[in-house]
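First to last, the sequence lines map onto chains A and B. Residues in the first sequence are numbered consecutively from 1, following the working numbering. Residues in the second sequence are numbered consecutively from 1, following the working numbering.
Warning: the hint list may mix true and false statements.
Claimed, not checked - Coverage of chain A stretches by chain B, computed from C-beta distances (three or more under 8 Å per stretch; other residues unrestricted): (1) 71-84; (2) 88-94; (3) 258-271.
Unchecked claim - Just a sample of chain B residues kept apart from chain A, beta carbon distances all over 12 Å, derived: (4) Met467; (5) Ile579; (6) Leu585; (7) Asn613; (8) Tyr627; (9) Asp720; (10) Tyr889; (11) Tyr946; (12) Ala983.
In short, the hints are calculated from the structure, not lab data. Ideal Cβ positions, reconstructed from N, Cα and C, are used throughout, including at glycine.
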Amino acid sequence: MKRIALPFYATVLASISVLISSCADFLDVKPNRSWVVPNSAQDFQAILDDNTDNMNKWRTPVLIEVSSDDYYLTENDWKSIGDATTRNTYVWASDIFEGDVKEGAVAAWSHPYGCVFRANYVLEGIQKIKRTPNTVVQLNQIEGSALFYRSWAFHQLAQLFCKPYHSNTADSDLGLPIRLESDITLKSKRASVQNTYSRIIEDLKAGARLLPETPVVKTRPGKSAAYGLLARVYLQMGDYEQAYRYADSCLLIQPTLIDYNEIDLTLNQTFMQFNEEVIFHSLMVASPALMDNRINIDSVLYVSYAANDLRKQAFFRDNNGKIIFKGSYSGLSVNLFGGIATDEIYLIRAEAAARLGLIEQANQDLNTLMAHRKDASHWNAGYENNQAKLLRRIVDERRKELILRGIRWGDLRRYTNTEFAHPIYRKLGSSEFQLLPGGDGYVLPIPHEVVEINNLQQNP
Amino acid sequence: MRILEMFAWVALTFFPPIISNAQQPLVVKVSAQNTKTPLEGATVTLKGTALSYITGKDGICLLTDLNDAISLAITHVGYQPKMHILTNTLRPDTLFIFLAPETNVIEEVVVSTGYYELDKSLATGSFDLISNDVLNRTVSTDIISRLESNTTSLLFDRRGAAASGDSPELTIRGLGTIHSSSSPLVIVDNFPYEGDISNLNPNDVESITMLKDASAASIWGARAGNGVIVITTKKGRYDEKRSITFNHNVKVYQKPDLGYDEHFIPSASYIELEKTLFERGHYTENDWTPLSPVVELLIANRDGRIDDSSFENRIHQLSNSDIREQASDLLYRSRVDQQHSLSFSGGSSLQNYMLSFGYDNNINHVVGSDFQRVTINAANSFKFSSFEVSTSAYFTNSRSNENGFGLNSPVLRQSGRSQPLPYISLLDELGIRQPITKDVRSLYAEGAEEIGLLNWQFVPLDERDLMDYQSGTNEIRLFLNPVYELLQGLKVDVKYQYQKQGLETKNHVSKERYEVRSLVNSFTQADGSMVFPYGGILTSRNDQTVSHSLRLQTNYMLVKNNHQLRALAGWELRSVDRITTGHELYDYDHDLFTWNNQFNFQERYPTRPRGTNARLPLPSTLLSGVYGRYVSTFSNAIYSFKDKYIFSASARWDASNLFGVKTNQKGTPLWSAGANWLLSDEEFYQLDWLQPLTIKMSYGFNGNTHGNVSAAPTAIYRTDRLTGLRAASIRTPGNPMLRWEKVGIQNFGIDFGMFDGRIAGTLEYYIKDGRDLLGNVITDITSGWDSRASSYLINDAHIRTRGLDISVSSVNVEGPVKWRTNVLFSYAKDRVMKYSNSSSNIASFTSGLGIPAVVGKSRNTLFSYPWIGLDHTSGNPLVVMDGQPSDNYRDYLNNLEIGDLVEHGLSLAPIFGSIRNTITWKNIEATINFSWKADYYFRKQSVNYYNLINSGEGHKDYDARWIKPGDELTTSVPSMPEVVNQARDNVYGYSEALVEKADHIRINDIGISYSLGNRHFGKINIRNLRLYLIMSNLGTVWKSYKGSIDPDYPHVDFLPPRNAAFGLNMNF
């Protein structure tokens, strides 16, 4: 008995000790092969590249177009929209959410903040990675991208939930909760509009220094995108010198325009995604109000295109008597393009130049753009000496160029108290709705739950 | 109160028998072999005559007419029967007969935990044994369904079942968790079963033990929080004669009753609705928006393409057509399940074996759908002095075809609809197969071939002929168990199991199928070139689960004088890997096995009929791996003194890779302790009629795991379609404080016997506290984490379930006719004790199966909106705002608080049970099993105008809607609104007007069996030939709700049809 027992004990003990010592490795197997606890530069870049929803469609809330005036809906089509938030936003109702607490209802707030969370998480994560000559390029690019994405989200949110920037009231107007940490348990407080815009600009400038001139794919930002966004933000803030400067820097990197004379205007979707004009690619989530089966392009806008203007064919098509949009730079009919393209930057430089009195430059930019938009056989370059008339022409072309791009709403807001301000209207059957320049409808209410949890001050 | 009623009812069902007979010559005294006590109620049958006698209280009966008798047969419930041959020459005056106790009576039950086997009298915890007899009462392809109504505290929840075949959710003793799984752990033989338990052939199962409290289950540690079901398969026995068992049965079902589903609007009403919507301009007319046949007729008539009279004719024709009639004829049939099993077993003193084969062949309700399964089970054991080795191998292969569709399948739906139109036909009057509208306008589809496209029509019956969808499972389980007895009473036991389960599905869509034609057509370019390949599509998927389990265990047993000690300790390691792969092949040729996936998936092509640009759909590919790693150490000890005082203790430490964090946070210790006191063995105990009586008590902790949480933030990788880059999305924001969930259980029980074993039972009361439970915290969406989209769980919640389990069995009548009753009664009710961030979303309290966790309420509370009726002039549902009736639903719902809701009670039965009666007469045994559920409510469905108009989801209540003033007195169904308003639909759909009491009693099954005893057919000697017939799904005999809905199946397409199984069982 003893002769068997001893070796047996020894074997059992040995095998147990071997097994226990390998236990740690045994338990370190990831429960799912595709899961990671992000810790490398590659992981953080992959988080920023999560384009399916989180980092692409989330960053530009589609309500910015739903509330805008490029289109109208018939009463029946409007009624057939299931989502209350969309219906209410269309008529600039004071409570757009209607107590709807579904995830999608508050997407205009939660989605951009989702991008902010990811950007913050990445910014914190890369601090822990050692910078070596091998990693510094990639880490800079990641940091610059994260700063850019966060600014992008803040800027979109500011256009929906804050008053337009006016330098004299910006310090007292309520801005956004500026979240700079990924800890989700922290409470949110509203900063001022001034602080909100300062943060956006500061981060964009810091980001621009770290980014490559042009990115590998257009869903990532390059210096061009950061300059483009800076130009857009400064234009809205009324700082035309800076707007001019950054538009100019942007166009130095990417000046390409598509010549509409050279493309097939009969296609059902005229443009491809990532086309030559796109500086930064960004989509919006599909909105039931903007689907082909409901949308009607504003008729005044539609008739404003001259006969030699190729944009009329490139952007619109007649669908059984209904004018619908087919000119999105997203290449899709469902998801609109919400990014940055060179045409916008030309228009920014032109407008800023005109406002700064650089008449020559403004005329030149306008002509460059028009040469790519008008029928070459029926168009000649023009020149406008009068600053006010020139500005009017630029603003008119801006209206006709940047359709359903997430830009019009910002323009309507910044035109408040200028000669370009005008009320906008909705009509549903016999009911009429009007949004006056500077009206409360230009600032959407913050979702109730956010106001309650953080005890925030609601917008009027 | 309700419990008292139950008791009274139970007591009434028992009436003790008084059948006795006594005259002259031979005195027979029957006693128990082990205790030598006289046995009352033993039956002494005189073979060769029809006479039988029953012993009295002293165990004695007097036999009078002995003339022709050759032998006596002596039987008593709970004891092995005995034969006594009478010799005429030597006949004593008094014949002493000793009966040996049967091994499987309640007092002698052996339960299994998967770690050790235990005589139930030594168990301090809560064990339920479901014996082979009970498991074999019913007939089914799987084993789990045989547990229903045959055990306490196991509830089958079918609230969420949408089809009658959907598997129910199982819970043992109510809830112990909030967000983790509440399903019990299933063990087969010794290890957790990974994969689909329906693979197991019920004929291979010997018994099932349920472990319900901490003392019973804590040996399973971190996975035992929801209770454990231990399935023990059949094995050979040492010193047993060779035996061959054959079992065959056929189960025939009725055809499904499609009228059960109330989501149906009669054709005539539906057509009226479509006309109304048409007049309102609801329908968009273009090539790509599919329109129903009636809307097409309306358009044709408006445009003058058909005249009024043929329009009316056609509408009239459609009004009289009902898809359910054709569906019932053409799509469904009677289900037939066949089961065959053959097994060989036997053993010598050194070796034993068991070999069994099973074959199942089921023809399902839906035409084109069937299932076959082959199982082989082989087990062997060898003994060499102090060394014993057991091995077993289990093999399963199953195959099923799903080449048909039912009424609720998407096949019959127009795209965007959730139901088939009520008036469509599969065949016309001439028997010609009819197309239905699918994704494009029927006009466009009809003209497709004229513009050079492929046929774009969808003919459901043609599609069915072409369907080729197969799935199959292969499973292999190998088990090796050497045991070495080191010293007297000390054994080293090593167990190793390898299990591999592979599930494969293949869907071959031939090029003739609509799916291919439609893709090819929509990508056909203006020049007629086909961008999408015109060939078959093959989709296949393979899930493979491989597990290794290794356990080293030492068992120690010491019996000395009055002391008995059994102890075990061990160490266990398990790994479970599950790999899923899948792919889709385009341009697939089934005859040549060729395919081609090389197409331009980046290019956007204009598509028909709409003209939008789209890329070719990428062939789907799938690759995922899930890995479980578990390490545990465990020990258990049971000490018994004089067989009267029993103490037990158990401890276990678990670690796993589930949390994906530092090792020191992965482990968790769990323990339990319990005691038994055999009160009736005490000197002072005097109640002779109440014997034995054991009091037991236990306390301890079980754990529960949640596979989807993590302490560190984790991300999941995939390839981004847009850019082709690697992308990672954050799946959890991380929680550094994460711990395992712990369920503390207190259990108090009494095991009792009464009237010399005529009545035996168990009564248990328990309190189950789920602590450190993961609770979803409502996040501030500004944080960037929306807890509605992806939950954010922290260990902060507490739920308590209290309950009672009673099981009583009795022998009511003993004699030529025997009548036994088994009564099972369970009560369980949960209450949330702590939940820091309860939802304030009022809608989540009324819709859905359970409610969000709220302190003080059960998770299964049923809430609804108060109902005050319909408006007299508009038929709108009325709500009360500021004390006034109103129809401002939006503001009403916005301002509603939980306190304003009507709280009905529970939506899941807190009280349930069953009563099984068995009557035996000669060779015939009849059983009937009733089950009941009480004190709960269910919500009926009704018409929802938003769903009706947007997705065509109907309900028969539509015909009962408010139409004109005055109707509000007779109906609560709102009028059809001008503008659909979901708030209006919800105010009605989730109102108290639609809540009904769900209490009911049903006949679970009725069975009858006939034993022919031993028969000889030529040289073959057949033993225990038994024929049986069992009918099940017999429906309710009483229910509180008077409508046609069965409260246990509120949402299914049809009730599980009644069925009858006929079978035969024999031994050679």
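query = Okay, which hints does this one fail, numbers in order?
reply = 2, 5, 7, 8, 9, 10, 11, 12
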